[in-house]
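> Each chain, letter by letter, is given below.
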Amino acid sequence: RKEVEQDPGPFNVPEGATVAFNCTYSNSASQSFFWYRQDCRKEPKLLMSVYSSGNEDGRFTAQLNRASQYISLLIRDSKLSDSATYLCVVNPGNQFYFGTGTSLTVIP
Amino acid sequence: NAGVTQTPKFQVLKTGQSMTLQCAQDMNHNSMYWYRQDPGMGLRLIYYSASEGTTDKGEVPNGYNVSRLNKREFSLRLESAAPSQTSVYFCASSEAHLFGEQFFGPGTRLTVL
Numbered sequence: 009r010k011e012v013e014q015d016p017g018p019f020n021v022p023e024g025a026t027v028a029f030n031c032t033y034s035n036s037a038s039q040s041f042f043w044y045r046q047d048c049r050k051e052p053k054l055l056m057s058v059y060s061s062g063n064e065d066g067r068f069t070a071q072l073n074r075a076s077q078y079i080s081l082l083i084r085d086s087k088l089s090d091s092a093t094y095l096c097v098v099n100p101g102n103q104f105y106f107g108t109g110t111s112l113t114v115i116p
Numbered sequence: 300n301a302g303v304t305q306t307p308k309f310q311v312l313k314t315g316q317s318m319t320l321q322c323a324q325d326m327n328h329n330s331m332y333w334y335r336q337d338p339g340m341g342l343r344l345i346y347y348s349a350s351e352g353t354t355d356k357g358e359v360p361n362g363y364n365v366s367r368l369n370k371r372e373f374s375l376r377l378e379s380a381a382p383s384q385t386s387v388y389f390c391a392s393s394e395a396h397l398f399g400e401q402f403f404g405p406g407t408r409l410t411v412l
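From first to last, the protein sequence lines are chains R and P.
Take 9 as the starting number for the first sequence in my numbering and just add one per residue.
Take 300 as the starting number for the second sequence in my numbering and just add one per residue.
Hints listed in this document are in silico derivations from the structure and should not be mistaken for laboratory results.
If you're wondering where the values come from, they're calculated on a predicted model, not measured in any experiment.
Hints are supplied without guarantee of correctness; some may be wrong.
Claimed, not checked - Examples of chain R residues lying across from chain P (beta carbon under 10 Å, computed):
id, residue
1, Gln14
2, Pro16
3, Tyr44
4, Lys50
5, Pro52
6, Leu95
7, Asn102
8, Gln103
9, Phe104
10, Gly107
11, Gly109
What the hints assert, rightly or not - Straight-line Cα separation of at most 30 Å, DSSO-like style, residue types lysine-lysine; simulated pairs:
id, chain 1, residue 1, chain 2, residue 2
12, P, Lys308, R, Lys50
13, R, Lys53, P, Lys308
14, R, Lys10, P, Lys356
15, P, Lys308, P, Lys356
16, R, Lys50, P, Lys370
Ideal Cβ placement from N, Cα and C applies to all residues, glycine included.
All chains, full assembly: derive it from the sequences and hints.
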């Protein structure tokens, strides 16, 4: 079983839409969680950490559900510049595991 | 402040050839990592160095060796390249092992024929 699983998409949404991605993880002992953003043919960059209480950064909200073992990312008021692949990252204690990524395209 | 740099950016090898991918960071980070990224597989950890002087295997170490040359530099060596090693290779660093943000280099696109 994979440590981290994501719906690969693609998600194609109009500008201004709200879109949500989920990511499930298999190890209940996982300790830290992140969302990274990766533009086409570029390196991943940290979007935000995910805290137990949930956290928000502008139009982005990340949440953690330990009981169901998933993390989510909500993007409100989507912009064209949000088009990218979003990677969830989980640390079960020994290393970081990356999901395969969810592709988002925001359409004018 | 360059962050994490990698050389080369692109490389084509023939099966059986060897090469070393270079990585350097100027953020005084203790931990450094080598990942490979393949379509549909996500990033997978090859080797890591939690601190200067230590290296450990990750998820997919077979066919690779690493050297933590000093605190700044962490190299990845392919001794006898195989087509299965065709991939994009990313180096990353973080302040401490398994703590906080990882900063990635721009990647090396390797093709093994």
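> Against each hint, give a clear statement of whether it holds in the structure.
Do the hints match the structure? See the list:
1. Gln14: holds (8 Å)
2. Pro16: holds (8 Å)
3. Tyr44: holds (8 Å)
4. Lys50: Status holds, d = 7 Å.
5. Pro52: holds (5 Å)
6. Leu95: holds (7 Å)
7. Asn102: holds (8 Å)
8. Gln103: Holds: closest Cβ of chain P sits about 5 Å from glutamine 103 of chain R, inside 10 Å.
9. Phe104: Cβ of phenylalanine 104 of chain R sits 7 Å from chain P, so the hint holds.
10. Gly107: Hint holds; glycine 107 of chain R Cβ to chain P Cβ min 6 Å, cut 10 Å.
11. Gly109: holds (7 Å)
12. P:Lys308 x R:Lys50: With a Cα-Cα distance of about 11 Å, the restraint between lysine 308 of chain P and lysine 50 of chain R holds, given a limit of 30 Å.
13. R:Lys53 x P:Lys308: This hinted pair holds, its Cα atoms lying about 18 Å apart.
14. R:Lys10 x P:Lys356: Holds - the C-alpha atoms of lysine 356 of chain P and lysine 10 of chain R are around 18 Å apart, at most 30 Å.
15. P:Lys308 x P:Lys356: With a Cα-Cα distance of about 24 Å, the restraint between lysine 308 of chain P and lysine 356 of chain P holds, given a limit of 30 Å.
16. R:Lys50 x P:Lys370: Cα-Cα ~25 Å, so holds.
Consistency with the previously given hints is maintained throughout, with no hint failing.
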